[in-house]
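*Asks:* Now for the letters of each chain:
There are 2 protein chains.
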Amino acid sequence: MNFGIALHGGAGTILKKEMTLDKEKEYLFGLEAALSRGEKILSKGGSAIEAVTETVVELENNSLFNAGKGSVFNHLGKHEMDASIMNGKDLNAGAVCCVEQFKNPIILAKLVMEKSEHVMLTGNGAMEFGEKMNCEKVEESYFFDQLRYDQWQSIKDSDHFQLDHSINNPKKFGTVGAVALDQHGNLAAATSTGGMTNKKFGRIGDSSIIGAGNYANNNTCAVSCTGSGEYFIRNVTAYDVSCLMEMGGLDLKEASDKVIHERIKKIGGDGGLIAIDKNGHIEMPFNTEGMYRGCWSSKGIKKIEIY
Amino acid sequence: MNFGIALHGGAGTILKKEMTLDKEKEYLFGLEAALSRGEKILSKGGSAIEAVTETVVELENNSLFNAGKGSVFNHLGKHEMDASIMNGKDLNAGAVCCVEQFKNPIILAKLVMEKSEHVMLTGNGAMEFGEKMNCEKVEESYFFDQLRYDQWQSIKDSDHFQLDHSINNPKKFGTVGAVALDQHGNLAAATSTGGMTNKKFGRIGDSSIIGAGNYANNNTCAVSCTGSGEYFIRNVTAYDVSCLMEMGGLDLKEASDKVIHERIKKIGGDGGLIAIDKNGHIEMPFNTEGMYRGCWSSKGIKKIEIY
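If you're matching them up, the sequences are chains G and U in order. Counting in this note's numbering, the first sequence runs from 1 upward without gaps. Counting in this note's numbering, the second sequence runs from 308 upward without gaps.
Derived by calculation from the structure, the hints in this document are not laboratory data. Worth double-checking, as some hints may not be accurate.
[What the hints assert, rightly or not] Only pairs whose alpha carbons sit at most 30 Å apart, straight line, appear in this in silico DSBU-like list of lysine-lysine: (1) U:422 to G:266; (2) U:560 to U:572; (3) U:444 to G:200; (4) U:385 to G:115; (5) U:560 to G:266; (6) G:258 to U:585; (7) U:606 to G:156; (8) G:132 to U:463; (9) U:385 to G:137; (10) G:278 to U:573; (11) U:439 to G:78; (12) G:137 to U:463; (13) U:573 to G:258; (14) G:200 to U:439; (15) U:507 to G:132; (16) U:332 to G:78; (17) U:330 to U:385; (18) U:385 to G:200; (19) U:606 to U:332; (20) G:78 to U:385; (21) G:266 to U:585; (22) U:573 to G:89; (23) G:115 to U:463; (24) U:396 to G:253.
The shape of chain G in the complex, shown without the other chains (with noise of 0.2 Å):
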C-alpha cells in the first residue's frame, strides 16, 4: 500500500532572477519542515486529515507564506483569514471564512467538521465558535510583518488589492495547502490563505470553499489549489479534477493537467494545483511562473521546487 503527502505555499510569478540564494533557502527550508512533519504522521500509520492538518499548520506558522502568521493586510489594516479541510473518506468538510486572531485557521475549519453541525462559518459567528471550542487565539500584532505592511500602506488609499505580495512578487497567489494519502487508504485536502492585500468586501476567495480550492474523496482524489480564486470558483475546480477522474475516465494527471492548461485558463485563470489519487500517485500543476511546491511518497519520492 503506497501513501503520500503534497504541499504548495502558493504560485504566481515567482522568477529565480528575482530571487536572492537566502530568501530561496527560506523558502525551501519551510517547504521541506512541513513536509517532514506530514511524512513523518503518515509513516507513522496516522491519518490523512492528521497529517494535512499539520503540515498546513507549519506554514501557517511560518511568516514566509500567507496564510496565518503570514497573513497579508486587509483594507482595514487587519489579517482576515480562510481555511478548509476535507476528508475523503466520509466527504466530511469544515470551511471558515474571515476569521481574525486565530493563530491556525485551518485547526479551526478541523474543529468545524468535527464538533459542528455545519460546513461553513464566516466572520463573527465563525469566531464565536473558535472561542467555544477554545481555539487557539493570539494577539493581532502577532501576525505584523514590517515589509507586507509597508506594501499596504503603499496601496491602502486606493481601490486596489493584490492577491498577495512580497518584494519581487506582484502577482503571487497566496495560498497554502496539503493533500495526502495514509496507510490506510484514506485521502484528505487542506487549504489555507491570509487572503488578498488590502482586501475589501468581506471577499471570499476559493480557499474555504469546498469544491472550488479544496476536495477529497477517497474513490478518486485529494486536493488543494492556488490561484485566481475568483476563476477556480466558477470552474469550481478542485471537484472538476474529481469528475474527470469519475465520470471522464481520466487518469490524475490528465485530469489535473487538464483542468490546469485548459478548463481555468479558457476562462482566463492562473494558478496551480496539488492533488494525490488514492494509489499514491501524486500531480503538482500550475500555469503560473511558479509554484512553491513539494512531495513525498511512500514509493521513494521526494521534491522540493519552486520553479
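Using the hints, position chain U against chain G.
*Replies:* Showing chain U alone in chain G's frame:
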C-alpha cells in the same frame, strides 16, 4: 429554439393532509406570479439572467417563502440572508452571504457578478458593497412576521435550529430559486435563502456557494438546489448534475435523478433541485414529501405543483 423557466420555493415535509385549502391556494398563487414574471421576460426575448433574477425577486417579496421578506429569525433575532447567481454564457457568477436589511439579496448577488471583481462577498463587507451600489435597503421591521417570530421565541434559548418553519412544516428547507434558458440559448440560475431559524455562528449553506446550491453552464444545464445545505456542499450538488452530463454522458433527467435519488441520499442528504438543459428540457426531482415548484416552457408546458 425552445426556451423556458423553472422555479422552486423550498422542499421538505409538505403533506397535503396538513395543508388548508386557503394556504395551498396562497402558495400556488405565489408560485404562479413568480413564474409569470419570468415567462414574460423570456417571451419578449429577454435574457435568462434577467428572468431568473426577476422570478427570484418575486419570491423574495412574498412572505410565504424563506428568502427576502419571508426570511426566518436567526439566533440574534435578525434576518441574515444568502443568495447567488450564475450566467451560463460566460460562467460569470456573484454571491453574497450573511447580509441584512437588503430587500432583494439576489439583486445584490447580481451586482457582485456585474460590478465587482469578486464572486463571493460576506457580512459587513458585502453590505458595504451593496450600499456603495445603492442596492435597496429596508428597515428590519420589513422582515417581521408573527408566525416566524413565535417559532423563533420557542427555541431561541436553546442550541436548536430549524431549516425553516411554518405551522405545518417542521422540516421544510427554506430556499427559493429559478433556472432559465432564453431565446438566445443562454442558461442562468439564481438561488436565495433566509437561512435557518435560530441559526448561529454565521453558518453559510449551499445557496450562496457556486457549484453547491447554484450553477449554470451553456454547454450543459442550469441548476438551483434546496435541501439540507451541508450535504449539498459536501457533494458539490449543482455542479455534479452538470458534470454527469458533460463527462458522464447522461441526459438531464438521468443526471438530476441520480444526484437527488442516489448521490445525495447516499450521504444522508434530502431535498430537491430544479434544472433546465440547453434544449429547454426541465427536471424538478426531490426526495422529500414535497417541493414548491413550477415550470413553463415554449413547448407549451406549464406546471405548478407542491407534492
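*Asks:* All the hints need checking, so say for each whether the structure fits it.
*Replies:* Okay, the hints, checked on the actual structure:
Between the alpha carbons of residue 422 (chain U) and residue 266 (chain G) the distance comes to roughly 22 Å, so the proposed pair stays at or under 30 Å and holds. A hinted pair counts as satisfied when its Cα atoms are at most 30 Å apart, and residue 560 (chain U) with residue 572 (chain U) qualifies at roughly 17 Å. For the proposed pair residue 444 (chain U) and residue 200 (chain G), the alpha carbon gap of about 20 Å is at most 30 Å, so the pair holds. Between residue 385 (chain U) and residue 115 (chain G) the alpha-carbon distance is near 25 Å, which keeps this suggested pair within the 30 Å criterion.
A distance of roughly 28 Å separates the Cα atoms of residue 560 (chain U) and residue 266 (chain G); the hinted pair therefore holds under the 30 Å criterion. For the proposed pair residue 258 (chain G) and residue 585 (chain U), the alpha carbon gap of about 24 Å is at most 30 Å, so the pair holds. Note on residue 606 (chain U) and residue 156 (chain G): the hinted pairing is violated, with a Cα-Cα distance of about 55 Å set against a maximum of 30 Å. Of the supplied pair hints, the one linking residue 132 (chain G) and residue 463 (chain U) holds, its CA atoms being roughly 18 Å apart against a limit of 30 Å.
Distance hint between residue 385 (chain U) and residue 137 (chain G) is fulfilled; the C-alpha atoms sit about 28 Å from each other, no more than 30 Å. Taking the CA atoms of residue 278 (chain G) and residue 573 (chain U), the gap is near 21 Å; set against the 30 Å cutoff, the hint holds. Only pairs whose Cα atoms come within 30 Å are accepted, and residue 439 (chain U) paired with residue 78 (chain G) is accepted, the gap being roughly 21 Å. Between residue 137 (chain G) and residue 463 (chain U), the direct Cα distance comes to roughly 28 Å. Compliance with the 30 Å bound is thereby established for this hinted pair.
Between residue 573 (chain U) and residue 258 (chain G) the alpha-carbon distance is near 29 Å, which keeps this suggested pair within the 30 Å criterion. Restraint check for residue 200 (chain G) and residue 439 (chain U): the C-alpha separation of about 12 Å stays at or below 30 Å, so the hint holds. Restraint check for residue 507 (chain U) and residue 132 (chain G): the C-alpha separation of about 12 Å stays at or below 30 Å, so the hint holds. As the CA atoms of residue 332 (chain U) and residue 78 (chain G) are separated by approximately 52 Å, the hinted pair breaks the 30 Å bound.
Distance hint between residue 330 (chain U) and residue 385 (chain U) is fulfilled; the C-alpha atoms sit about 26 Å from each other, no more than 30 Å. At roughly 24 Å between alpha-carbon atoms, residue 385 (chain U) and residue 200 (chain G) fall within 30 Å of each other, so this suggested pair holds. Under the criterion of a C-alpha separation no larger than 30 Å, the hint pairing residue 606 (chain U) with residue 332 (chain U) is consistent with the structure, at around 26 Å. Straight-line distance between C-alpha atoms of residue 78 (chain G) and residue 385 (chain U) comes to about 26 Å, which keeps the hinted pair within the 30 Å bound.
Distance check on the hinted pair: residue 266 (chain G) and residue 585 (chain U) sit about 20 Å apart at the alpha-carbon level, within 30 Å; holds. With a C-alpha separation of about 13 Å, the suggested pairing of residue 573 (chain U) with residue 89 (chain G) holds against the 30 Å cut-off. At roughly 21 Å between alpha-carbon atoms, residue 115 (chain G) and residue 463 (chain U) fall within 30 Å of each other, so this suggested pair holds. Restraint check for residue 396 (chain U) and residue 253 (chain G): the C-alpha separation of about 29 Å stays at or below 30 Å, so the hint holds.
When each numbered hint is compared with the structure, violations occur for hints 7 and 16.
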